[in-house]
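Trainee: Going down the list, the protein sequences come from chains A and B.
The opening position of the first sequence corresponds to residue -8 in this note's numbering, with each subsequent residue numbered one higher.
The opening position of the second sequence corresponds to residue 459 in this note's numbering, with each subsequent residue numbered one higher.
Treat the hints as calculated values from the structure; they're not laboratory data.
Any given hint could turn out to be false.
Ranges between beta-carbon positions, derived for each pair [unchecked claim]: (1) B:L533 x A:P228: 38 to 46 Å; (2) A:E116 x B:A501: 45 to 53 Å; (3) A:E116 x B:T478: 18 to 26 Å; (4) A:S66 x B:A496: 31 to 39 Å; (5) A:P228 x B:R595: 23 to 31 Å; (6) A:S2 x B:V527: 28 to 36 Å.
The model shown is predicted, which means the values in this text are computed figures rather than measured ones.
Think of the CB as a built atom: it goes at the ideal place given N, C-alpha and C, for glycine as much as any other residue.
Listed below are the residues making up each chain.
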Amino acid sequence: MVIPLLVILFSVATPIAIGAGFVTILATSSATGSAYVRDRLSDLRIGMFLEIATVPGALIGATVTVFLTHANLASLLLIALGAVLLATIPGAIARRHIELPPPKAQDARSQRLGFRGEYYDEALEQNVEYQGARTNPALGVMFGAGVVSGMFGIGAGVFKVFALERFLNLPMKVSTATSNFMIGVTAAAGTGVMFSAGYVNPVIAAPVAIGTAAGAFLGSRLLPGLRNQTVRLVFMPVVAILAIEVILRGLGYG
Amino acid sequence: MTASPGVPSQVEPLPPEAYTRMSLVLRAGLLVALVILAAGVIAYLVVNPAADSSSVIGHNPILEYLGLVALGQGLASGSVVAYLTLGLIALVATPVLRVLSGLYYFRRGGEREMTAVTFTVFVLLLVGILVVGPLVR
């Protein structure tokens, strides 16, 4: 949301806005990630494993953005991003009433690397156990999420949560928290490229980082007490608005 | 090869201190970054009381502080933008330190595959920051 706002309201150049977007993600991820890790909602093992796909994706994505900026072709990619975001919504709505995923058999890698855990769900008032499943397709989606994140300076949490829920079969809350945990490292990779390429303006990025960190602290205090369905209902319209916004920007209306 | 749900894994869970320490790394890194950034923003407003959005947007001062030597000189001379840049570097360094923290716990637990994965992520981050960025500049 920060990137379109910077571009539309303050006439900030798109690559500089993307640079500020990365800084926003870093602040958000560290703020929310610290609380989720402390509360054991983030699965450190699964998150760190999947970063092997998101980080190279982000490096490639950010590099592509730098080249596209020079070639004036970023608008086509914005339209594609919006379309992909909209395509994820029907699947998420179909699962809207599933509070916890049904158990699935672990694949060999999940078992070997110990992809399983448990957490106390405050809303359900019970201990929830889970275990990872299909790691290969999850890695593929995570690489794509890394590319999208690197290209547009967004967290691409939609894709990460999708992979964690659909393939690794994690509960919604663990998926959200693990996605937040991973987003920081993905953003660090993209920020590194944009920073070194000169597309991060500290005078713009600093106040944006301070504001988003404050908001993120507040959000992370609210999530553990909410039901998964509530989280989903809040999540869906945000995705839809984001998708329409980037399509409009790509078409030159933003 | 698959296993039935509920079959215990051979791998020991990460110790509780791993969660505590990693949470601490994230909080401390963010706090340091935000303190530097907040002080920098206040100093910027004091030093540039007439700065408006067009003057901020029209000039990107980071290009003056991309090298370590230039950044060091900027910090020594009290440049506000150099301090803002330092705050941003602290923000980027926080998740990198979190990866190093994970590397420590996986290595200590004798988990060779997770250690290799985490080390690879760390190397990729360094390559991105130190090699890819300057190459595409």
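Trainee: Please check whether E116 (chain A) and T478 (chain B) have a Cβ separation lying inside 18 to 26 Å.
Mentor: About 24 Å separates the Cβ atoms of E116 (chain A) and T478 (chain B), which means 18 to 26 Å holds.
Trainee: Honestly, do L533 (chain B) and P228 (chain A) meet the 38 to 46 Å range at C-beta?
Mentor: For P228 (chain A) against L533 (chain B), whose Cβ atoms are near 44 Å apart, the range 38 to 46 Å holds.
Trainee: Taking the CB of P228 (chain A) and the CB of R595 (chain B), does the distance hold inside 23 to 31 Å?
Mentor: violated (39 Å)
Trainee: Given the hint of 45 to 53 Å, is the C-beta distance from E116 (chain A) to A501 (chain B) inside that range or not?
Mentor: holds (49 Å)
Trainee: Please check whether S2 (chain A) and V527 (chain B) have a Cβ separation lying inside 28 to 36 Å.
Mentor: The hint (28 to 36 Å, Cβ to Cβ) holds, given that S2 (chain A) and V527 (chain B) are roughly 33 Å apart.
Trainee: For S66 (chain A) and A496 (chain B), compare the CB-CB distance with the range 31 to 39 Å and indicate the outcome.
Mentor: holds (35 Å)
Of the numbered hints given earlier, the model fails hint 5 alone.
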